[in-house]
Amino acid sequence: MEDNPTSWFMRVTVGLLFLFLLAPVLLVFPISFSGDRVLAFPPSSWSLRWYEALLGNSVMMRAFLTSLGLAAVVTVLSLIIAIPASYAIVRLKVRGSEFLFNLFTAPLLLPTIVLGLAILMIFASAGLLATFTGLVIGHLVITLPYALRVLSVSLGNLSLACEEAASSLGAKPLIVFRKVTLPMMAPGIVAATALCFLVSFDEVVITLFLTGPRMTTLPVELFHHVESQADPLVASVSVLLILMTIAVVMIVDRTMGLTKAFVK
Amino acid sequence: MMHQTIKGSGVAAVKDPYLCLEGINKKYGLIEVISNLNLEVRKGELIALLGPSGCGKTTTLRMIAGLITPTAGRIAVGGRDVTRIAPHGRDMGLVFQSYALFPHMTVARNVAFGLEMRGLSRAEIGAKVTRALGMVQLEHLAGRKPRELSGGQQQRVALARALVIEPSILLLDEPLSNLDAKLRDEMRTQIRDIQQQLGITTVFVTHDQVEALSMCDRIVVMKGGLIEQVGTPHEIYEHPATPFVASFVGRTNRIKGVRNADGSIGIGSSLIRSASSVKPGDVMVMVRPHRIRIDWSGTERQGETANRIAASLSRITFVGDVIQYHFDVDGSEFIVEESTIKSQAGHHPGKQAVLSWAVEDTFVFGADQ
Amino acid sequence: MTTATFDLAADVPKRSSAAGIAVVLLLPIALVNAIGFILPVLNLARMSFNEALPGGGIAETLTAANWTGLLQDRFYLDLIVNSVAVSLGITLATLLASYPIALYLHRASGAWRTFLTVLVISPLLTSAVVRTYGWIALLAEQGPVANVIAAMGFQPPRMMFNTTGVVIGLTEILMPYMILSLMAGFGRLDPKVEEAARTLGATPFRTFWRVILPLTLPGIALGCLLCFVLAISSFITPKLMGGGRVFLLATEIYDQAIVTLNWPLAATLSMLVLIIFGAALAVYSRVLRMIDQG
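Residue numbers (the working numbering), protein chains in the order written: chain A, 181 to 444; chain B, 20 to 388; chain C, 179 to 472.
Everything labelled a hint here was simulated from the structure, so no lab data went into it.
No residue lacks a Cβ here, since even glycine has one placed at the ideal position from N, Cα and C.
Mixed in with the good hints there might be a few duds.
Stated by the list, open to error - Which residues of chain A face chain B? A few of them, derived with a C-beta cut under 7 Å, are:
| # | residue |
| --- | --- |
| 1 | Glu-344 |
| 2 | Ser-347 |
| 3 | Ala-351 |
What the hints assert, rightly or not - Within a straight-line C-alpha distance of at most 20 Å, the following computed PhoX-like cross-link-like pairs (lysine-lysine) qualify:
| # | chain 1 | residue 1 | chain 2 | residue 2 |
| --- | --- | --- | --- | --- |
| 4 | B | Lys-34 | B | Lys-62 |
| 5 | B | Lys-164 | A | Lys-359 |
| 6 | A | Lys-273 | B | Lys-46 |
| 7 | B | Lys-242 | B | Lys-46 |
| 8 | B | Lys-275 | B | Lys-298 |
Using the sequences and the hints, build the whole thing.
In C-alpha cells, the structure reads:
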C-alpha cells in the first residue's frame, strides 16, 4: 500500500487519533511545572511550586503513604491467597474446579460502581468503613481474580514431569512445591505481583465507597480534589502516579526478562 | 484371566524375583488400560516394556514409580510391598522422555537434588555428584543450566540425576526418543554399559523394537493393556507367541493358509509344513523375508527340513543394503530380502522361481489370534 | 497421604485426601469471595426490594415499590434512556476513532508495531482520574482546544460540564479497550485476501466495504459490547466532567448512596445496570449469530 494515495491519508488520520489518545496523559507533565495559580495551558510561567505544594500537602502525602502501604499489603495477601488457590484448581483438579475458577474471577465482571455500593452496604454494618482492614478486603475482591487468573495460566503451562521427577527423587509434596513448582512459577508470580500492585494502587471507584475523612487513598483524594478545584497540584500528583506505574512496569520487565533467561 | 500365560511362551515368573507385579489392574472410569498384569523381574536385569502407543507400557512404568496407583494388584520390590507408597518413598530413579530437568537449577544442583532430599552432607553430595557426572562424561558442564545443553547432554544429566541416588530400580521412559538417530545409537550402548557396570535392575519403556532387542535381557511385548509375550530378545524374535509379536518385532510376511487334518498347511495349491501346533482350519502363516531363499533355476537340492513353494516374481525394490523381491504365490504376496552385492544378476518381473525356507522358520497362528 | 498431588486420575481413597487439601487451599479465597462478593451482591439484590425511610433509614420489608416507582418516575425513565443513548453514542465514537488505529496496527510489523501497541496499552495503566483531569485541562473554557478553534475563526462551543465533554473524555478513555478488541478480531484478516480483492480489480473503498469490514465484524461486535458496558457503568469521568449537570445511571447510584443516603433506590438502580448488562450481552450473542450465518 506504499504508493497508494490512501496511505498518507490513513497515516495522518492514525497520527491524529494517537494524539487524541495520548493528549490527556502527555498534557499532565507540562502542567505540573506550571508557575500559575490556576489551571491553564500553556502555562504563562514555569516553576516547581506545585511539587513543593504537594510535599507540603499533608493530606495528599498521607493518602500517598496509605495507598503505598495498602497496595503492598494487598499484593502480598493476594499472592498468599491466590498461589494455594491456583494450585488447588490447576493441580489437584478437584470436582467443580472450573466452576470455582469462574466464581472466584466473577467480581471482575461486575461494574465497580455496583460492586462498590454492594460492599459499602455490607461493610457499613460490619464497621469496616474507612478502616485499613476494610480497604484491604475491598481491594482483595478485585485483585484476587487477576492474581488467580495469571497464576493459574502460569501453573497450567508448567509440565508435570519436573514435579514428578522431584518426587521420584525423594522430595515430599511440600518440598516439591517449594523447590520446584514455586521457582518455576516465578514469571507468573512477578506478573501477578505487578498487576495486583497497580490495580490496588490505582483503584478509585470501590475505594470511594469505603474511604472517609479518617482514611483515604491517593486516587480518591485526587478525585475529591479535582471535584472541588482542578488546579495544577493535581498534575504534580498525576505525574507521581504515572511515574509510579512506569517504575512498576519497568521492574517487571527487568525481572521478567531475568526470570525468562533464568527458566527457559 | 490368565491371558499372558496362555499366550506367552516366555517366562513371566522367574526364580528370586526382585520386582514383582501381581494382578495389576488400572481403570480410568470404565476404561481398563491394564488388565491383570503379572510380571517378575530379576535383580540386575534390564527389561524392556515394548509396544505401540496406548499399549499400557508407560502406565505400567508410572505405576512402578508410584506416580499412578493401580486399581487392583500388588507391586513389591525386594519383598517389600510398595503398592500404596508415595513416589518419594519408593527410592526409584526415573528418567523421563522430556528429561524433566529442573530449569532453575544448574546441572550439578539437578544431580544433587535427590541426595539433598536424603540429607547427605555437603562433602558427600559433592563427591557423589562429581562421580555421577563423570560416569556420563559431563563433569565440565556442572555449572551450566539445562537450557544451555544439547538434547543428548540433557539426557545424560537426567540419567546421572536418577542414578546418583543409587535407586533400587532404574525406570527409563522412552529416554532416547527425542534424540537424533546417531546419538540414539551412542546412548543405547552407554546406557547398557552403565547398567551392566552398576548391575542395577532397570525397566525400559520403548516403542522401538531395535532398542529393545539390542539393549535388554528380556522383553515384555504389550498390546492393549495385556502382555503378549515375555522372553529374551532371541525368544521373542525366533519364537513369537502371537501374530502381533511376530509382526511387531522384526518384519514378516503374512500369508493366509489352511491347516489340513494331516498337519500340512495349504497355501494356494502348494503344501508346506510347520513345527507349530494349531487346530485345523484357516491359519495365518508368517515367514521373515530374509529367511527365505530364492532358487531361480528351481533345481537346487533341498533337505527334508525345508518348505518349497513355486512363485512368480512381480516386483523388485532396491533399498540400498537389501534388495526386496516381491513374489506372487496363487494371489498371496511373499517378500524376500537379500543383501545386495555389486554384481547383482538382473531379474525381471514374471520370472518363475522356487522359494524355500526352514520348517522351524515357519510361524503358524490360528486365524482367530 | 499427599501423593494424590501427582496423580491426575486418583483413585477413590486418594481423591478424598486431595479434596481435603484442596478445601484448605481454597478456603481463604472462598472467604474473601463470600464476604466481598457473594454476600454483598445478594444483599444488594434484596436491598432493592426494601423500603427507604426518611433520613437514611431502611425498612426490612419486602416491597416492589422501588421498582414500580422507578418505572413511573419521568426523571428516572429519562435518566435510563439518556444513559443508554449517551453510552451508545460513546460506543460509536470510540469505534470510529479506534478502527483506523487498529487496522494500522494490524498491518504494521516488528518493533514499530510493538512500540505502538505499548502506546495503546499505556493509557490503561494510567488512572481514570488522571486522564479525566487531562481532559479538563484540554477542554477548559480558555483551554488549548478552545484556543485552536478560536484561532480558526469559529466560536468555540462549551465543552465542559455538559454531555459533550463526557462523551469526548470517555471516548478517549475507552479507546484502548476497543483497539485491543478490534485487533483480536482482526486475527482472521489475512492480508492476502485484501491483495486478492485488489488484483480482482476492486477499488480501495470497495475492498474495505466488501472484504475488510465483513471479516472484522466479530471484533467490532466484541469491542462495542465491552465499550457499551464500560460506558454505562463509568462513574469517574461523568462525575468530574459533568460538573453535576450530566445525569447518568452511575453518577445517580453514587449520589443516592452517598449524598441522599437512599440505599434501596441506589440498589435498585444498580440492579437496573446489571439488567442492562444482560440485555447488551443478549444483543451481542444475537449479533454474533447473525454474523456467523452471514
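Legend entry - Non-conforming hints, listed in increasing numerical order: Going through the list in order, the structure violates no hint and respects every one.
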